[in-house]
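When you get a sec, could you build the whole thing from the sequences and use the hints?
Each protein sequence line maps, in turn, to chains A and B.
Counted the way my numbering counts, the first sequence spans residues 151 to 423.
Counted the way my numbering counts, the second sequence spans residues 19 to 310.
To give a feel for the contact side, a few chain A residues facing chain B, derived at Cβ under 8 Å:
hint	residue
1	Val178
2	Gly229
3	Leu248
4	Val250
5	Gly347
6	Pro387
7	Phe390
8	Val392
9	Ser396
Taking CB as the label site, the calculated pair distances span:
hint	chain 1	residue 1	chain 2	residue 2	range
10	B	Gly87	A	Leu202	28 to 38 Å
11	A	Leu224	B	Arg246	24 to 34 Å
12	A	Leu319	B	Leu204	35 to 45 Å
13	A	Leu224	B	His274	31 to 41 Å
14	B	Ala196	A	Val205	53 to 63 Å
15	B	Trp304	A	Asp274	44 to 54 Å
16	B	Leu252	A	Ala302	39 to 49 Å
17	A	Gly253	B	Ala179	37 to 47 Å
18	B	Gly89	A	Glu259	24 to 34 Å
19	A	Val157	B	Pro31	55 to 65 Å
20	A	Arg228	B	Gly87	46 to 56 Å
21	A	Tyr294	B	Glu303	33 to 43 Å
Note that these hints are calculated values from the structure, not bench results.
Beta carbons are placed, not taken as given, at the ideal position from N, Cα and C, and that holds for glycine.
The primary structure of each chain is shown beneath.
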Amino acid sequence: MFSGFMVNAWEVSGIVAVVAGVVGFFTVLRGSAFAAHAIPNGSFAGAAGASLVGVGTLFGLGVFAFIGALGIGLLGRRGRHDAVTALMLVMMLALGALFVSLGEQYAPEVYSLLFGEVLGVSSDAVAPTLILGIVCIAAIGVLYRPLMLSSALPEVGEARGIGSFAIELAFLGVLALATAMTVPVVGTLLIFSLMIGPPAAARSLTDRPGVAMALSVVLALAIVWSAIAASFETDWPVGFFVGTGSATVYVLARLWQVGRERYGRRRVLGSMA
Amino acid sequence: MSPAAFLGPVFAPGFFDNEAVHVALTIGAAVAIVTGVVGVFTVMRGQSFAGEALGDIGTTGGSAAALVGAGPLAGFVAVDVLAAAAMELVGVQRVRGRDLATGIVLGAAIGLAALFLYLDTTQGTGGSSTVTILFGSIFAISSSTIPAVVVLAALAVAMIAALYRPLLLSTVSPEMAAARGIPVRLVGALYLLALALATALAAITIGTILSTALLIGPAAAALRLTRRPLRAMLTAVGIGIAATWIGVLLAYDSYHWPPQGHGWPVSFFVVTLVFVIYLLSGVVEWRRERGS
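Here it is as structure tokens:
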């Protein structure tokens, strides 16, 4: 389990989990769950198109992820934001359907693009993933303060000259970058559950942003690595364990939060009596 | 010049005699009516993500149905209704955190879909089911599905008709609706049920992950052209039928396009038409605003 091609799987999925945990934290904070679903999912078309014209998958994913991010950002200024996101997504997916049909690709290829093929990661995928991961984290580091401000207090951000539209575009750009690097590993449909589940769970467990972000990374790592181990043992798809695992973690965190609130309230009432 | 000579290049030979085309046009129209009516409320209520999620979640139903040998429509409907109930339980009714609840349910369901599709492939119940379920193939629907589609479509439209006034009020102003004694949460839950039916029907037409196009596109375009809900519904139904029928026609014609002997997917044409109509509606709205 820890030898040969599996080493690549552990390394790459570790990088992916860190990026998903950090970027996902802001996704949840800003309420951009839909965009985090739409951009990776739509970039599926890029991967399908890349194999049709014979360029690298990563390149195709990157181009379509940025087209999606730009489209959502620009069209969303007029029109209703969620409707625009949905339409941009289906337009890209429809192109993907066309590319798949024209390229006469096999169902297994489509499946691995959508649901990931982490166990099949080759060793030359490690370096690009690491570089893109570092760029992603660095971009979040640079954007950290304005992003925090405009996510938590948009009005104050505007007053200090931080345009919410510029920040939104910058954030969607980071989301696109994260998408391009993570999709080949966990698939267009599943990176989303990794970006939502762990950060949302972390936010139910703590109110402090720094702690929540660290916790979200730890949870994402735990989910991905145990999913790989489970998938290795059972031969079932990794996506199944990632998807259900992050939902389970979120539900447990919520239950813990509700329990703590109940208990806390009783204690306050007890001290009043 | 005779009409046949004029229409020849538009309608490839055999279009009007083809059984699969008849089924596609019938189902396409029925589905466009439902998605137009339900979609206007989806857009007005800002529940596009819920619609998108229910569409994707249909994948779980379709792949599970393939596993047990049932038809995809039964799987779409059963799982979408279950998922709508789960979203309601996790907390779709609060605007804040609504996207999150939707996302969590969606993530878990996609995980299950990954498993079912994998099992479908390994058990040899049809390796091509992945592409068919996800991207749809309206030409492959058998005519025996029509009655079920029509019944479900009628059911969804009847639900919206019965709910119309309380639903409209609780969409525009939940506070006022609550003050008038309308059970806002119950109305929202029933609406989610109608949405689940509409999404399942859209999924059988253009595939699970593309179903949102029919639900959101025509309605969003219509709401840019008119602000009145009833008129918007009629417009959305018209746009939906036009996009589906022209999409079916183009896909039929595309057998004669390159690459030879290989048709382009219907879903691609339908979604592209919907997207273009949405962009055009924006131009119309912009010109009207500037003119007034």
